[in-house]
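*Asks:* Under UniProt numbering, residue 231 is the last one in the sequence shown; the count climbs by one each step, no gaps.
In case anyone wonders, no lab produced these hints; they're calculated from the structure. Some hints here could point you the wrong way.
BS3-like, lysine-lysine: derived pairs with alpha carbons at most 25 Å apart [to be verified]: (1) Lys71 <-> Lys116; (2) Lys185 <-> Lys199; (3) Lys42 <-> Lys32; (4) Lys151 <-> Lys108.
Owing to the predicted nature of the structure, the values given are computational and were not obtained by experimental measurement.
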Amino acid sequence: MQWTYLETTDDGYVMQVSGFGGTANPMKVAVKIDGDTVSSVKVLEYAGETAGYGKDLIEAGTGGVLNDKAKAFYDQILNGSFATSDVDGIDTSTGATMTTKGIVNAIKGAIEQAQKAPVVDGDTYTYTLTASGFGGEANPMKIKVSVDKAKQTVTKVEIEEYAGETAGYGKDLIEAGTGGVLNDKAKTFHDNVLNGETKWDDVSGIDTSTGATMTSKGIVSAIQEAIDQTK
């Protein structure tokens, strides 16, 4: 993972990323997302970024070995706003490439975090999450999980996308709970987890040895993520 989410503050999502200081001395960057716009980017900690390079980029956008692209980065990214869809096009060849790439990674992480924000209806929080099953990170599942905070219960789990889960294994688990190499535990998983309600405290005890273990473990990980974000 190129970023780590730390917390949400008034300045937005606070992400930890590596710049010139690497993992030993990372940056902390706060990114505020308003709908489809990145409205502010603040580099909160950057002791590992050196004078004449990343430090100057963050503080002024000029100085040292920095080029004109550094000033553009400073003006547009650190002191402006831009569409979330423009992130992949940000030019990081500023003379402090490791710093700018780190900041861009923080922005990408914040956008991903914002996409995980729940839809709240009373005590019900609904999250749309991704989880790796048999398809791995290249072809993850998209899972919608609804939880009732007051009752501490998972009320609904919908697998919206699962192209990476194969017939006879995860695909059959999701669609029917039977078929292929699936065992009796797969039907129980399908009926209880995907078509029932589960108390938060019982999630860790869900049996994923269904014949489609990678799929069922991925689904449980998404459920646990939704619970953790709601607590």
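*Asks:* All hints are to be evaluated individually against the structure, with a verdict given for each.
*Replies:* Status of each hint after checking the structure:
no.: 1; hint: Lys71 <-> Lys116; result: violated (32 Å)
no.: 2; hint: Lys185 <-> Lys199; result: holds (19 Å)
no.: 3; hint: Lys42 <-> Lys32; result: holds (9 Å)
no.: 4; hint: Lys151 <-> Lys108; result: violated (34 Å)
Against the hints set out earlier in the document, violations occur for numbers 1, 4.
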